[in-house]
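Q: Given next are the chains, with one letter for each unit.
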Amino acid sequence: MNSISENQFYSLLSLKLSGDASKEELELLQQKLQVNPHWQFLYDQMMQAGSVYPAENIEQSYAAHIVKMQLQGKLEHKNFEEQENNSTKSLKRIFYVVAVAASIIGFSFFVYFKMNAKEQIKNALNEVATKRGSKSFIKLPDGTQVWLNADSKLTFKENFGDKTREVSLNGEAFFDVFHDAEHPFIIHTGKADVKVLGTTFNIRNYTSEKTMEATLVKGKIEVTLTDRPDEKIIIHPQEKIIISKENNSQPNTKINAKNAVSTVDKVILTTATFKDSLMAETSWMKDKMVFVNQSLEKIADELERKFAVTIVFKTNAVNQYRYTGVFDKETVSEIFHIIQLSRKINYSINYKTITIE
Amino acid sequence: MHLQVKDILFLQNRVAYVRDELAYKKLFFHFYTPLHRFSIGIVKDYEAAEEIVSDTMMKIWDLGNKLASIDKLDAYLFTSIKNACLTFLSKKKLQLTDIAAIDINLIPEYENPESQMQLSEIEKKLNSCVNELSPQCVMVFKLIKEEGFSYKKVSGILEISQNTIETHMRIALKKIRFALSLYLSEK
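Here the protein sequences come in this chain order: Y and U. Heads up: the first sequence runs through residues 2 to 358, numbered per this note's numbering. Heads up: the second sequence runs through residues 5 to 191, numbered per this note's numbering.
These are computed hints drawn from the structure, not numbers from a lab. One or more hints might be untrue.
A short, non-exhaustive set of chain Y residues, derived as facing chain U with CB atoms under 8 Å [said to hold, decoys possible]:
1) L18
2) K33
3) Q35
4) M47
5) A64
6) H66
7) L76
Negatives, chain Y to chain U, calculated, CB over 12 Å [what the hints assert, rightly or not]:
8) L14
9) I59
10) I106
11) A182
12) K267
13) M280
14) Y352
The beta carbon of each residue, even a glycine, is placed where N, CA and C say it ideally should be.
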């Protein structure tokens, strides 16, 4: 094979590829292909279509291209795929204008109130409240942890912790107070103030109940009655103080903390109630209900709170029935069924209302 | 989606006068593959080629009304790409002499610029062979082999004579023929 012939082949192939080849040139090319298999092989390779680009590659490149154009301000920021008609375009424009205006107004209101709020912030009250059937856990700014039982409310001022750490409690809560001797922790319950340094205890102060109770788990607490600020009652671990909220006109003698039960009926100092090594007073934290020789009336109160149900007594005959037991994960209907096994009561359940006859 | 000459003219006018973004997208999709393929052949860098095509396509948009007066958009685009690629190469050369130390790191980039495309074994061989050709030679070969452009058109785009085109083509085909002979000759 001489090189002149070879060069001629390349020229013919090139003309074929460019589409410039005449009829004669194409015939000559075909003849040459017959002669040399190498040329045929090259010809076949050259006649194949160029490499195919996957469609998604082009999509990606196009997307990148559009972003570049948008960044340079050449296109509006919108998706090319959705060519919207003019009416939705103008609607969209109106929507944008309204949205921007609204956010400006909203922001200025926010700034205005924020400024105002700063002045009042010192006296502002923080309030954490739970509904019936729910519980809550709060961590106060000083690190104190509070578990709030159902239907309870804990409030504290914004300046909490400046000098003292003062909170008010309505309902039941378990406190794990962070130890800080310089900032006494005081709980106001209306009838009495409980002052603590660092300890864990339970306070029960439901408005609907006639008593306020404080049960100490560990540490030491100091209870002062609101109307007798000079007297301090020291409570030791596993002791419980019960303070009657009913005003007793009869003058009270000094409370003797040594006695398990005080001679005065207004304040009772006793020990915490245990059942199956569970402290009844704090059992609610573990979602348990511990009743020790408890009246059905009180049990009903407890159930109403925990399950957000209403219990109606149609007769007073049974509400003083006493019951002892521990309930763990039982439902209200299961609890009533269990109570019914030992005490003869007739009850009916209608959605969230339980009627005892 | 293959567009006829009249379709391309229609889309050109849509972009030129109505700023029709959908028409622009169609043009982009139509020209992207050949332009990128051509660009890769010269700059031998997938991403750089992508960048060059993107910039060139952006110019089309920026032309505005003038876009309508372009007679042969494909020739115009290939010419733009060629110029952009040669500018890129001259800059790259300057860079290479400046930071000769990192030369080694740049080599793998050159070896397989089309690695991101799915190619057969023979196609790979063919491509690597094409990549070894001079830029002028690659441009001629790509425009004729890949795009099937006439000598006249290639002459217009590359601003070289038709004789030069034929010479480049002979060189390219000869080299490829030798490279491919591996697959045919008995050892």
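Q: A separate judgement is required for each hint: does it hold in the structure or not?
A: Evaluation of the provided hints:
no. : hint : verdict
1   : L18  : holds, 5 Å
2   : K33  : violated, 13 Å
3   : Q35  : violated, 16 Å
4   : M47  : holds, 6 Å
5   : A64  : violated, 11 Å
6   : H66  : holds, 5 Å
7   : L76  : holds, 7 Å
8   : L14  : violated, 6 Å
9   : I59  : violated, 5 Å
10  : I106 : holds, 34 Å
11  : A182 : holds, 66 Å
12  : K267 : holds, 85 Å
13  : M280 : holds, 71 Å
14  : Y352 : holds, 60 Å
This entry does not satisfy hints 2, 3, 5, 8 and 9, going by the numbered hints stated previously.
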